[in-house]
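Enquirer: Sequence:
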Amino acid sequence: MTAPHSITDAQSRMGIVWAYRFDAAGVPGLIDRETVPGVAPEDGFVWLHLDLVHSRAKAWIAEQTWLPAGAEEMFISPESHQRLDHSADLVWGVSHDLIRDVAADSDLVGPLYWIVGERLLLTGRRDALQSIRLAADALNRGEAVEGPAGLFEQIIEHIVDDVTRAVVRLMDETDSVEDHILADRFDDAPARVGAVRRMAVRLHRQLGGLHLLFRRFAETHSGRKAPEEVKAAAARLLQRIDGPHSDVQSVQDRARLLQDEMTARTASQTNRQLYALSILTALFMPATFITGLFGINVKGLPWMEHDFGAFFVALACLCAALLTLVLLRRRGVIGG
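So the sequence shown is numbered by my numbering: it starts at 10 and just counts up by one.
The set of hints was computed from the structure by calculation and includes no laboratory data. In this text, a Cβ means the ideal position worked out from N, Cα and C, and glycines have one as well. You may find that some hints are simply not true.
[Said to hold, decoys possible] Cut-off 20 Å, straight-line C-alpha distance, at most; resulting in silico cross-link-like pairs (SDA-like, lysine to any residue): (1) K240 / P77; (2) K234 / P77; (3) K234 / R92.
[Said to hold, decoys possible] Computed beta-carbon distance windows for the label pairs: (4) P77 / A153: 27 to 35 Å; (5) E88 / Y284: 50 to 58 Å; (6) V62 / R224: 28 to 36 Å; (7) S89 / A192: 37 to 45 Å; (8) R224 / S89: 40 to 48 Å; (9) Q258 / S89: 19 to 27 Å; (10) K234 / R274: 28 to 36 Å.
Given these sequences and hints, build the entire structure.
Expert: Okay, structure coming up:
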């Protein structure tokens with residue numbers, strides 16, 4: 010891990026989170042914090058990671074005359090949708106990455122801005138991102154990298170790996186919800202299915218965006234030239250993305266089926282309850298009529314003066330309910 014640095018050093022004043030220089034063999038080394046590195050080393054390459062919340066970092070980007078206007082606008086713009094563009098020497102774009110959370114796995118995403126050149130990888134972010142930290146940790150362990158395109162490929166692989174782990178957690182949650190639904194336990198099933206669908210949609214958008222961008226870039230045959238190393242890396246990343254992209258689509262389909270199954274089972278359960286309530290209402294309706302009739306204070310009602318009048322009324326109610334039950338069974342409303 011890199012040591013905490015003072016906000017008074019040269020790189021911090023420039024909004025540089027860290028800067029690595031790689032020799033011709035791809036062996037990394039942190040550049041001294043008091044040194045503002047150049048973007049065109051004589052041998053090897055450099056990786057500069059910028060904090061785009063820092064106003065000086067945006068100003069530094071605007072000062073780089075070698076940057077195409079589209080790349081400069083992308084870094085400075087607050088827009089965060091995933092995109093990819095290129096010139097003959099550079100490839101730049103925006104990818105979504107998980108925001109780092111030291112307490113637990115985070116489900117929040119933030120934009121990662123990047124520019125890949127022949128001797129330069131330039132990245133920027135507004136929030137601390139997981140894949141960037143993992144890539145830096147690997148470099149701090151001394152892992153060598155072939156070039157800027159290789160380092161960029163590693164960063165995107167970390168993004169894909171994080172998404173893959175999120176998809177695995179989502180599949181486990183889907184299995185658990187499915188078991189509860191099949192066991193007719195709907196206490197928290199609607200909320201859990203909703204959470205699965207929301208997470209699946211987010212992951213599908215993240216992977217789908219990457220898949221679309223890299224497929225268009227890797228398979229383009231237009232007259233515009235592009236760095237071949239980055240193009241080859243995009244083709245390899247496209248294959249890595251295919252697996253989790255298919256898995257998250259499967260989770261989405263399962264979540265929709267579970268929601269339909271839960272809706273059907275809930276409706277069936279409600280219908281059974283309404284059926285039982287309707288039968289009870291039908292059985293007690295004659296008894297209700299009889300008790301209502303004998304509640305009228307008029308002369309001529311039977312058994313008013315009889316010692317067993319209340320017993321006879323109760324018996325009449327019971328007989329009426331039994332008669333209703335027989336009639337319902339004969340008409341097939343109640344199964345035998």
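Enquirer: It remains to establish, for every hint, whether it holds in the given structure.
Expert: Hints and how they fare:
1. K240 / P77: This hinted pair holds, its Cα atoms lying about 19 Å apart.
2. K234 / P77: At roughly 14 Å apart (the allowed maximum being 20 Å), P77 and K234 satisfy the hint.
3. K234 / R92: The given pair, whose Cα atoms are some 18 Å apart, holds under the 20 Å limit.
4. P77 / A153: 27 to 35 Å: 30 Å, holds
5. E88 / Y284: 50 to 58 Å: 56 Å Cβ-Cβ, so the 50 to 58 Å window holds.
6. V62 / R224: 28 to 36 Å: About 32 Å separates the Cβ atoms of V62 and R224, which means 28 to 36 Å holds.
7. S89 / A192: 37 to 45 Å: 42 Å, holds
8. R224 / S89: 40 to 48 Å: 21 Å, violated
9. Q258 / S89: 19 to 27 Å: 24 Å, holds
10. K234 / R274: 28 to 36 Å: 58 Å, violated
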